Amino acid sequence: MTKKEKKVFLLTAVLCLFFAVPQKAQAMHIMEGYLPPKDCVLWFVLCIPFIAAGFMSLKKITAENKKALIILAMAGAFTFVLSSLKIPSVTGSSSHPTGTGFGAVIFGPWVMSIIGVIVLVFQALLLAHGGITTLGANTFSMAVAGPFVSYGVYKLCRKLKAGKFISVALAAGLGDLFTYCVTSFQLSLAYPSPNGGIFMSMIKFLAIFAVTQIPLAIIEGIITALALSAIEKISDLDFDNKGILKREA
Amino acid sequence: MINSVYVSENIKNINPNIKAVFALSIILLCVIFKEPLGCIFAISVMWVLIIKNCRLSRHLICHIVLWPVLFIAFSSFMVSFDITNYRGGIFSLKIINSYFLTVNAEGLKKAVRLFFTSSASLSSMYFLSFTTPVNDIVYILKTIKCPKEITELFMLIYRFIFIVLNMAQSISIAQNCRLAQRTFKTRINSMALMLSSVFVLSYNKSLFMYNAMLSRCYSGYINFLFIEYERNRNFVFLVVLIVFTVVLISVLERVY
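Protein chains in written order, with the working numbering: chain A, -12 to 236; chain B, 19 to 274.
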């Protein structure tokens, strides 16, 4: 390759990185039509147990307390709006939080899986982020994997007697990072490298997303922790053990 | 947002199930066949139907189409890259030790196919979004016997989105007026404060709404009212014709 060709290639690669990473509201969504049919089916099937358990949890909560449905609906709308807000990013661009860590800490991961699916359907229908064929894959990464990791990290930190601020920040940040790892795995499974297979492809996708996703995860963690501590200061709501839903029962 | 676009009565009153089946079948066909010509046909037909039936400004088209299409274009281009331990292909660039970032003809071909597949699927998705209001989506959910808890949650979330969005925008404008976005630190702080205020306000609003619903005899079940939908034979014929043409073009392209 000549020097000129190298320059052109580098410029294209930089442009590719600039546009391919989440910039304008695409966050970590996999676009409509991006996955092959077998992958669409695989991720839909993998989501079914979580959605079923989430539905049972929702049914139980709403049977015990009718008000919970309204509160959960507001939580869903909040998650939708949260995921469409721009948050400041150190890479110069602005991107969007997933909001799942926030929801998982407050309402628990099972209910968040159902709320997450509905929010993803709205994002596909109203904002054209994600899609119907990729709903299974997006649900698995954003409404199942992210919330469960966030909730697990939060509970673990609280058990280890860590402060609320640190616990929430770690939960939201690691949940976001895990979402990005799962999305990279989904893409590498769909488009494995002809030479290095899924592993090489995953390295490629992780490296591309890392440019904005790692700083974003840190920022989302800090913002979520600041927001939750501010909520506790300006109201008498308690987040431990899904306090909001229990309080209204 | 897409939902605020004017849609002509002709397509608005058509049974939403037919529109959903049409859009989903085109998406599935494009994803299964992945043939560029079939996808180009699907894109053209969908945008003709959208522009003919919806009043869209040029600005809105640019706003809602430009970013997703750019995102698809560069994401598809990303797929054409490969990490190899040898030089080769159209381009190759040494990254670390004996590893190279390469682009070959096969990868580019795959990227082009992916771009058209994703664009056609996105166009079908836009057709469904523009022509089917959320009330009609609830009708589709009822038809496929979706549990009532999920249907109710779906409708309530939709209602609340606008309330929460309005609150977030108002607070954001107020913060901007007070130079809250001046530095990185103030941006982070104001974002956190805005989120907390929106959460507490929306939580309180949800409690008020529950009381309002109780005073209107809410017993844990929300009744939805739907308009009388048409089963327009011409539209059904058009749908069958388009689906058949997409299949035909894709099969012919694959064979030849």
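Because the hints were derived from the structure by calculation, they are not lab data.
This one's a predicted model, so the numbers in the text were calculated from it and none came from an experiment.
Ideal placement from N, C-alpha and C gives every residue a C-beta, glycine not left out.
Check each hint, because a few of them may be wrong.
Stretch-level coverage of chain A by chain B, calculated; a stretch enters the list once three of its residues show a Cβ under 8 Å from a Cβ in chain B [stated by the list, open to error]: (1) 59 to 71; (2) 122 to 134.
Examples of chain B residues toward chain A, derived with CB under 8 Å [to be verified]: (3) Ser93; (4) Val130; (5) Ala198; (6) Met209.
Verification of the supplied hints:
1. 59 to 71: Coverage by chain B holds for the stretch 59 to 71 of chain A (10 residues, Cβ < 8 Å).
2. 122 to 134: violated (count 0)
3. Ser93: With a minimum Cβ separation of about 5 Å from chain A (threshold 8 Å), the hint on Ser93 of chain B holds.
4. Val130: Not OK, violated: Val130 of chain B not within 8 Å of chain A, min 13 Å.
5. Ala198: violated, 11 Å
6. Met209: holds, 5 Å
Of the hints listed earlier, those the structure fails to meet are numbers 2, 4 and 5, in rising order.
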